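Colleague: Please build the complete structure, drawing on both the sequences and the hints.
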Amino acid sequence: MHGSFTRILAATAMLVAVALPPVVANGQDVIKIGWAISKTGPYAAGANITLLGAYKVWVKDVNDAGGIMLQSAGKKVPVEIIEYDDRSNSEELIKALERLISQDKVDFILPPWSTAFNLAAGPILNRGGYPHLAVTATTDRAPELAKRWPNSFWLLGTATEAAVSLVDLLTKLRAEGKIDGNVAMISVADQFGIDVSAAARDAFKKANFAIAYDKSYPLGTQDLQPLLTDAMRTNAPTFIALSYPPDTLMINEQAKVLNYSPKVFYTAVGTAFPLFKQKFGANAEGVMGTGGINADSQEFKDYVKRHAAVNNGMEPDRWANPVGYASLQILQQAIERVGKLDRAAVVKEIQSGSFDTIIGPIKFVDNLRKNAWQVGQWQGGEYYGVAPGSNAGARPLAFPKPAWK
Amino acid sequence: MLALDIFLSGLVLGGMYALAALGLTLQYGVARIMNLSYGEFLVAAALGSYSLYAGIGVSPMVGLVVVMPVAFALNWLIYRILLMPLVRRAKNRDVLEVDSILATFGLLFVVQGIALVIFGGQYYSFSYLSIPVSVLGSTVALNRLIALLFAAVIGSAIYLSLTRTRGGTALRAVAVDPVAAGLVAIDVKRACAFAFALGGALVAAAGVLISMFLTFNASMGVVFTMKALIVVIMGGVGNMLGALVAGLLLGVGETAVARLLDPGLTLAATYCLFLAVLLVRPTGLFGRQAR
Chain A
1 MHGSFTRILA ATAMLVAVAL PPVVANGQDV IKIGWAISKT GPYAAGANIT
51 LLGAYKVWVK DVNDAGGIML QSAGKKVPVE IIEYDDRSNS EELIKALERL
101 ISQDKVDFIL PPWSTAFNLA AGPILNRGGY PHLAVTATTD RAPELAKRWP
151 NSFWLLGTAT EAAVSLVDLL TKLRAEGKID GNVAMISVAD QFGIDVSAAA
201 RDAFKKANFA IAYDKSYPLG TQDLQPLLTD AMRTNAPTFI ALSYPPDTLM
251 INEQAKVLNY SPKVFYTAVG TAFPLFKQKF GANAEGVMGT GGINADSQEF
301 KDYVKRHAAV NNGMEPDRWA NPVGYASLQI LQQAIERVGK LDRAAVVKEI
351 QSGSFDTIIG PIKFVDNLRK NAWQVGQWQG GEYYGVAPGS NAGARPLAFP
401 KPAWK
Chain B
1001 MLALDIFLSG LVLGGMYALA ALGLTLQYGV ARIMNLSYGE FLVAAALGSY
1051 SLYAGIGVSP MVGLVVVMPV AFALNWLIYR ILLMPLVRRA KNRDVLEVDS
1101 ILATFGLLFV VQGIALVIFG GQYYSFSYLS IPVSVLGSTV ALNRLIALLF
1151 AAVIGSAIYL SLTRTRGGTA LRAVAVDPVA AGLVAIDVKR ACAFAFALGG
1201 ALVAAAGVLI SMFLTFNASM GVVFTMKALI VVIMGGVGNM LGALVAGLLL
1251 GVGETAVARL LDPGLTLAAT YCLFLAVLLV RPTGLFGRQA R
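Respectively, the protein sequence lines represent chains A and B. For reference, each letter of the first sequence is one residue, going 1 to 405 in the numbering used here. For reference, each letter of the second sequence is one residue, going 1001 to 1291 in the numbering used here.
Mixed in with the good hints, there may be bad ones.
[Claimed, not checked] Label-pair distances were calculated between CB atoms; the ranges are:
1) B:V1065 <-> A:R141: 50 to 60 Å
2) A:Q278 <-> B:V1065: 24 to 34 Å
3) B:V1117 <-> A:K76: 30 to 40 Å
4) A:G177 <-> B:I1114: 40 to 50 Å
5) A:P123 <-> B:N1092: 29 to 39 Å
[Said to hold, decoys possible] Partial list, computed: chain B residues near chain A (C-beta under 7 Å):
6) S1009
7) Q1122
8) A1141
9) N1217
10) A1258
11) L1267
12) A1269
13) C1272
For the record, the hints were derived by calculation from the structure and aren't laboratory data. Note that this is a predicted model, so its numbers are computed, not measured. We treat Cβ as the ideally placed atom computed from N, Cα and C, and that holds for glycine.
Modeller: This is how it looks when you write it as structure tokens:
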């Protein structure tokens, strides 16, 4: 009886130990932040310039200030990073995220780069209850995903918003008699190009524009001169390329060689990169692209300097990079307001609170950020946001695009 | 005129493809090394050219003079240190091919890793000689035209030296039958190392010239390796003229499809052309018949 009593006691103790919630292993000395990002592979270039740069600046800014203020610890707690390379491979991404959650037991996870990867990470972060601030994701499914994953937040707007914003701008120009209703459009045959061009076709039809040239090209095409030559022959005053960074740079360069300078010239992703201005110099003037920023804001100008200092002289892009940094400011402010490392409470705070960031005040509506910059333009050596015109710092469109020099 | 326009821009694009493939046809054709890290060296040379241009303002044309000998020496060393052991123990050429695939696959990651550490993952791009040139009424970018001319000149020069000079003939002998070549007092190891190194110098030249107009990053090597492989096999392994012709053919075909049919079909058209050539001539356009 003595033996069985001891055994029962031991069994009960074991059961109680298992039934109790796990003790927070991190203590209060450090906040563990993890991320899986594409450091190698085809996504590496985009991930590097848009996300990783911003992450590094944020970590430095936070730790330089002493850390994130936690009421439960009664002091500022520094941030510790655990980083994995997903090698631009979605299976590696998922493995890395699982590792961060179950093995490294990080407190918060920062999202990966690209729409596809944010969609892949969504369910895992949702299951783990981690706030998922999806910055580099442009998808029309955002509202539906925000409902399915209430811990997810979508900061860059949808493909439809991107297309509609541009078409609205063109409609205004046409009403002012500056352009006619003909458009030449090319798009990259990848998720982004396909989604936005479909939305654009719809919007153009509703606004009574005629798409005189409408072609898509495979990702990685090394010569776009044939398409540009044919677009040129339509004599449409508006040229739109829903392109990715290597194509964006090539299109601008080949358009210059062909002396193809329509009144409205738009190349999508990559126009907002500092590399664009570096390569084209004065020829960047007047070129339009996705995104935009209130480049006059002092906060942004300071951010550019800090970013260059941390990232070997590399400046941030003028679109998603500052949004990435802003998303981390939101995370930090939410953690500080909640006062402890309670992920569910942080998610609730992000859902309902208003936050001050380098791109201005942000308040999510149904987990979506409204009024994201959709169209920008290089004016006087800096990339400014042009549409939506109601955003603070919006500049009027400089029309027409000056001739290539 | 549309046909002329298509033909000329196709030639220029094809020139780039051919240029990228010349080195591999030597490395694979003569030294029998299926160099999977081929594209990484092209990208490394492009990054090097960028550093010279952005860093100290050295034009890529001058950079060629620096990069080619360095690449030659580097590839000679790689052959002697990394690949010689494989060559020595390979019982025949097929075994060597398989072994070299594995070894160069590893080399791919080494070179890419070093490039990533030094240059990071971001895009690099600069414009050099991005001047329009009017050729027979069509507009062509000068830097791309230079790439085409370089490919044509070097390709022909090497072809001529392979067929008309003694050293070149020795290389061809090694390509046909290394054992027999050894029997007629050709230093096979030296010849292979030379071919490999020369291929390396050519790919470095390709990298420098292509960097003048294309945007590149440290992870793009595989793209070029694939393209070079298609051109080399389509043209006939080991044949310089074959690589040149195949590259030009692919370029013209791709441009024709983009202008006349639909730009979305260019990839499909390229591979269809590749398949068609191999169906008609399994050893490539100018390839040797099966031994």
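Colleague: Each hint should be assessed against the structure and marked as holding or not.
Modeller: Results of checking the hints against the structure:
1. B:V1065 <-> A:R141: 50 to 60 Å: holds (54 Å)
2. A:Q278 <-> B:V1065: 24 to 34 Å: With Cβ atoms ~26 Å apart, the hint holds.
3. B:V1117 <-> A:K76: 30 to 40 Å: Hint holds: Cβ distance 33 Å, inside 30 to 40 Å.
4. A:G177 <-> B:I1114: 40 to 50 Å: violated (57 Å)
5. A:P123 <-> B:N1092: 29 to 39 Å: violated (52 Å)
6. S1009: For S1009 (chain B), the interface hint holds, since the closest Cβ of chain A sits about 6 Å away, which is under 7 Å.
7. Q1122: holds (5 Å)
8. A1141: holds (4 Å)
9. N1217: Hint on N1217 (chain B): holds, closest Cβ of chain A at ~4 Å, below 7 Å.
10. A1258: holds (4 Å)
11. L1267: Result: holds, 5 Å to nearest chain A Cβ.
12. A1269: Result: violated, 11 Å to nearest chain A Cβ.
13. C1272: Violated. Min distance 14 Å.
Consistency note: the structure conflicts with the earlier hints numbered 4, 5, 12, 13.
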